[in-house]
Amino acid sequence: MTIWWVAKTEYWKLRRYSILWAGVALMLLSVLLTLFTSTANDGMVWTFSILIEQVIKNNMTTIFPMCITLIAGYIIAREQKDDTLKNILTVPLTFKRLLVGKLLVCVLISLFLGLVCTAFTILAGLLTGFPGFSAGAAAQGLVQTTLLNLFLFIAVLPIIILTSSPASGFLAGVIVAFVYGYGGMFAAGNMKLANIYPITASLGMINYRSYEVHWNTLLCCLSMAVMLAISAVMILSMRDNVEPKKPVKSKAKAPLKKGW
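If you use our numbering, the sequence shown corresponds to residues 1 to 260, in order.
Hints in this document: simulated from the structure, not taken from any laboratory. Take these hints with a grain of salt, some might be off.
[What the hints assert, rightly or not] Heads up, simulated DSBU-like pairs for lysine-lysine below, C-alpha to C-alpha not over 35 Å straight-line:
1) 96 with 13
2) 13 with 57
3) 96 with 57
4) 192 with 57
Can you make the complete structure from the sequences, with help from the hints?
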């Protein structure tokens, strides 16, 4: 059974996962948070391009690392929670291949959520009437937002893999991913650190605010490559067998005491 067949099967199963709607809701939240900050009376003149930039920043620091870790962890742990993993592994399929297939689907989800976030951003820009809207600006925002989600997924990939074995471990991974993403806000203050910190390096990969910030693309690419290498080593060193779900023992009811 090939990895691509596993990925195709997982893609079919996506229609039953309501967790995807949580991802869509979080993309909407990212845009709403940006609109909320636009109401601050700080003298800043908002345009459509600035709206896109701020949505990208909010996505990077507070929303997407946590969002994709939650969705990926849920998808990976689904069979373990339902106690169906032992049945799947009786087929000529290892847990490593199953995991890689699920991660490939998560790549598609990252790209899809990038499209959704862009659609919400364009809609918000039209409703608020920010100046500077054009087809070129919308297309640039689409490419940057979608690619950013892909690179952020690569940045949190080791966290997803590390917390994929225990059925409920991905919840801890969500917390770690949130702190990891929020740390990008502090790393962005130092360009040397921003180029190598994987979360902020994703901004360099999409040439974020290139008119003002000079990114070292080579260092940003190296940061992404290190994350992929760490992820590959973690997958290769994983065990193929997974501990079955332990049955929950029901507590014995205490016998009722009889009266006189």
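Each hint tested on the structure:
Proposed proximity of residue 96 and residue 13 is supported: the alpha carbons are some 19 Å apart, at most 35 Å. A hinted pair counts as satisfied when its Cα atoms are at most 35 Å apart, and residue 13 with residue 57 qualifies at roughly 32 Å. Under the criterion of a C-alpha separation no larger than 35 Å, the hint pairing residue 96 with residue 57 is consistent with the structure, at around 34 Å. Between residue 192 and residue 57 the CA atoms are separated by roughly 18 Å; this keeps the pair inside 35 Å, and the hint holds.
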